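Enquirer: From first to last, the protein sequence lines stand for chains A and B.
Numbering-wise (the numbering used here), the first sequence opens with residue 151 and increments by one.
Numbering-wise (the numbering used here), the second sequence opens with residue 5 and increments by one.
Hints listed in this document are in silico derivations from the structure and should not be mistaken for laboratory results.
All values reported here derive from a predicted model rather than from experimental measurement.
Every residue, glycine too, gets a C-beta built ideally from N, C-alpha and C.
Any given hint could be a false lead.
[To be verified] Incomplete in silico selection of chain A near chain B, CB under 8 Å:
1) 205
2) 206
3) 209
4) 216
5) 249
6) 269
7) 278
8) 280
9) 290
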Amino acid sequence: MTARVIGTLLCAMLPAIPCYSTEKPYPDPFFENEQLLMVIKPRTAEQMAAFYEARGFPQAAIDIITNTCFVTVHIENRSQQVIWLETANWRLSSNGQAVNILGAGYWNEQWDIIKLMQANRSTFHWTQLPPVVDLQSDEPVAGNIVVPGGISSFHLEANFKTGKDKRGESMQKTFEDVGCPQHASLP
Amino acid sequence: MKTHKLLILVFLLLVLPAPGRTADSLPEGVTRINAIAAPELKLDNIDGEAYDLSTTGGHWRFVHFWASWCGPCRREMPSIQRMINQLEDSDIEFVIVNTAETEDAVFTFLGIVAPDLAPLMDSDGLVTQVWQPRGLPSTFLVGPAGNIQYRVLGGREWDQPAYVEFLRGLK
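Work out the full structure: start from the sequences and follow the hints.
Expert: Here it is, written out as structure tokens:
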């Protein structure tokens with residue numbers, strides 16, 4: 151009994167100590183251990199259209215955006231070493247075929263075609279997961295990765311190098327069936 | 005016996021240094037960097053008044069980039085307002101830069117959570133790009149000589165004592 155009371159007290163006093171709960175701390179899919187937190191949140195085309203429309207994006211940009219599949223990724227380095235986010239080292243596949251993340255080159259090309267305003271380009275840029283970050287201890291990073299439309303779900307293998315010089319132990323986290331919800335319903 | 009061990013653990017946790025400070029006594033998320041000259045920062049604020057960072061030397065500047073669509077920015081902004089209130093008597097200058105949003109979007113958000121702030125408007129986002137933040141929100145501490153000396157990672161509870169004391173102690 152005393153132990154339970156002390157445990158409760160510790161929980162209340164020290165937010166850093168995880169407290170037992172029957173509820174999951176994050177929506178699926180996610181990975182969490184003492185070194186890394188990684189949360190994956192697939193977005194519907196409607197969610198993305200609403201987000202960018204509310205920020206003044208023209209219809210031509212919304213059309214391009216909703217023809218792709220957005221997944222929001224949140225990563226936190228909970229270790230005491232540098233963890234390298236390098237999306238070039240991630241492997242995505244669907245039905246055995248490699249899937250490429252649509253990067254800055256793709257988007258700049260699209261935005262040039264429709265002559266998207268610089269302010270919209272800037273906002274779009276900051277909503278994307280940066281391709282390379284040397285995540286320091288306690289540093290979070292979040293943003294979207296985007297894959298081509300027409301994919302209902304994909305396998306994501308996230309590979310991370312560690313250490314300032316990338317010579318630490320590598321980490322690999324895999325997520326199966328990361329979905330592109332409702333994408334198939336788009337015209 | 006088990007109870008005694010738990011009580012000792014509680015005692016040790018109570019006497020350990022408060023969380024929020026790292027070993028070299030920087031608050032969590034604050035990173036010291038090799039001083040580099042602050043990039044140009046010339047913008048108008050939301051009231052149309054011109055600002056130029058290069059003309060405001062001689063004291064520390066808290067340069068903060070944010071956008072209202074960014075969740076951590078939204079959560080952090082009220083604590084920035086409270087921190088500014090707490091540091092009213094210091095000579096730190098708070099330079100709050102909105103990245104690529106309209107006046108309407110900024111006014112609607114700040115009017116509720118931080119009505120005293122008059123952010124600089126980086127309307128096309130190009131000034132933010134030059135500063136190369138690692139993401140939004142992002143904060144740089146610029147020293148009296150105009151060099152960036154600290155970078156702050158992600159959103160922080162700026163009104164917590166660890167941050168207020170750290171900023172107050174900048175020389």
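Enquirer: Hint by hint, note whether the structure agrees.
Expert: Verification of the supplied hints:
For residue 205 of chain A, the interface hint holds, since its Cβ comes within 8 Å of a Cβ in chain B; the closest pair sits about 6 Å apart. A distance limit of 8 Å between C-beta atoms decides the matter here; for residue 206 of chain A the minimum to chain B is near 7 Å, and the interface restraint holds. With a least beta-carbon distance of about 18 Å to chain B, the hint placing residue 209 of chain A at the interface is violated under the 8 Å criterion. A distance limit of 8 Å between C-beta atoms decides the matter here; for residue 216 of chain A the minimum to chain B is near 18 Å, and the interface restraint is violated.
The interface hint given for residue 249 of chain A is violated, since its Cβ lies 24 Å from the closest Cβ of chain B, which is over the 8 Å cut-off. Of the supplied interface hints, the one on residue 269 of chain A holds, with its beta-carbon coming within about 4 Å of a beta-carbon of chain B, less than 8 Å. Hint on residue 278 of chain A is violated. Least Cβ distance to chain B is approximately 10 Å, over the 8 Å limit. Proximity of residue 280 of chain A to chain B holds as hinted, the smallest CB-CB distance being about 7 Å (cut-off 8 Å).
Against a cut-off of 8 Å between C-beta atoms, the interface hint on residue 290 of chain A holds, since the closest Cβ of chain B lies about 5 Å away.
Violation of the numbered hints given earlier is confined to hints 3, 4, 5, 7; the remaining hints are satisfied by the structure.
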